[in-house]
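Peer 1: Top line first, the protein sequences correspond to chains L and R.
Reminder that position 11 of the first sequence reads as 11 in this note's numbering, one-by-one numbering, no gaps.
Reminder that position 214 of the second sequence reads as 214 in this note's numbering, one-by-one numbering, no gaps.
Calculated from the structure, these hints are not laboratory results.
A portion of the hints provided could be inaccurate.
For identical chains, the list gives no copy identity; a pair is met inside one copy or between any two copies.
[Unchecked claim] The list that follows gives simulated cross-link-like pairs (lysine-lysine, PhoX-like), each with its CA atoms no further than 25 Å apart:
1. 126 <-> 149
2. 212 <-> 171
3. 126 <-> 212
4. 149 <-> 213
5. 123 <-> 149
6. 213 <-> 126
7. 123 <-> 171
8. 149 <-> 212
Number of protein chains: 2
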Amino acid sequence: MSPFTPTERTQVRRLPNRGAYDAETIFRILDEGFICHVGFAVDGQPFVIPTGYARSGETLYIHGSAASRMLRTLAGGVQVCVTVTLLDGLVLARSAFHHSMNYRSVVILGRAVQVEEREEKMKALKSFTEQVVRERWNDVRLPTDAELKATTVLALPLSEASAKIRTGPPKDDEEDYQLPIWAGVVPLAIVAGAPVPDPRLNPGLEPPPYAKKYSRQRP
Amino acid sequence: MSPFTPTERTQVRRLPNRGAYDAETIFRILDEGFICHVGFAVDGQPFVIPTGYARSGETLYIHGSAASRMLRTLAGGVQVCVTVTLLDGLVLARSAFHHSMNYRSVVILGRAVQVEEREEKMKALKSFTEQVVRERWNDVRLPTDAELKATTVLALPLSEASAKIRTGPPKDDEEDYQLPIWAGVVPLAIVAGAPVPDPRLNPGLEPPPYAKKYSRQRP
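Please construct the entire structure, taking both the sequences and the accompanying hints into account.
Peer 2: Below, the structure written as structure tokens:
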């Protein structure tokens, strides 16, 4: 079975033409995002927690404090769902009913395993930083052994995943197209403002290019 | 018990000074957002699905097709977690370890109930549109009875909720402040581009102000 053959659980059922299962599409969405929502259940109660992530090959890494309840729960090998959503626009139709949003999302199901090996852990930490701000890793003070120990890194294999995508203009009922109502798309994007220097910054340090011209667009 | 007294399940444990439980803070975050991530479990497998929402008073509404698997599952009264996350900036510290993000998030736990009553359902549909694009409701072709019937609306009481917030500059280890590494915050915001008219738009229709100058800032 190829990694992204839809399973009973990842097959997009509602509006199946919005579903996508090819690795390129899924990786591209994961690479443009950097915040995921992690879902897990404790005694039947689901929890959904936002956190950073990094994709590296066919693995999605998440991390956090070794003291984190979420990470300790997930490290126990429970079933998890990780969802990444990129919002691209508001779809304003002529009817209230057909209003929608343009988005690209990926849903990953599976069980995470804890990364114990020092080298893989360090590599994952680099991926987290690079997923958010490329080229930052070369500039920072690298993790110490104590910091590595205080950080839990979990690896979720990208073996059961699907994407869902909506693009393009509104789809109105045929008889509504004649109505004198403006319809179209308001594009949305995450945009960076001018970098705000730390109040305690050493004088004379200029923001690096990746902070001055930060962008989520990926080539 | 006041609505947002932290419970065993909503108490923020890691970095408790980031927790907030007052209604004003929680409502403000919910009102600025319009995408939530809904978590529910089926046979122990959690699912996390992005969808629109609306807050109205002490109720959070979500909606979708009556055929949606998620909505049918939730309408059955299962335990649900709804999370709303607003991303405010990237926190670039001197050490890799202290990199972080500025964000505001709300986690709501509970069980949803299906809205059956026609008037409340219509009011909820208005809230969905207004949550995303204020003043749009007055311009659109309103839902028909058939559309109302095809739409499932669920109400989740805002009775067990908490907010988590990080703001401000990086917090580095004291000895790292002397390092010659730029540190600070890259602010992020969702920004609207110029509206894209529907290719089938009737000639002469200009985009309304809420589409031309769309903003998520709330007064």
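Peer 1: For every hint, state whether the structure bears it out.
Peer 2: Here is what the structure says about each hint:
no., hint, result
1, 126 <-> 149, "within (15 Å within a copy, 51 Å between copies)"
2, 212 <-> 171, "between (39 Å within a copy, 21 Å between copies)"
3, 126 <-> 212, "within (21 Å within a copy, 40 Å between copies)"
4, 149 <-> 213, "neither (34 Å within a copy, 48 Å between copies)"
5, 123 <-> 149, "within (14 Å within a copy, 52 Å between copies)"
6, 213 <-> 126, "within (21 Å within a copy, 39 Å between copies)"
7, 123 <-> 171, "between (45 Å within a copy, 23 Å between copies)"
8, 149 <-> 212, "neither (33 Å within a copy, 50 Å between copies)"
Checked against the numbered hints listed earlier, the structure breaks hints 4 and 8; every other hint is satisfied.
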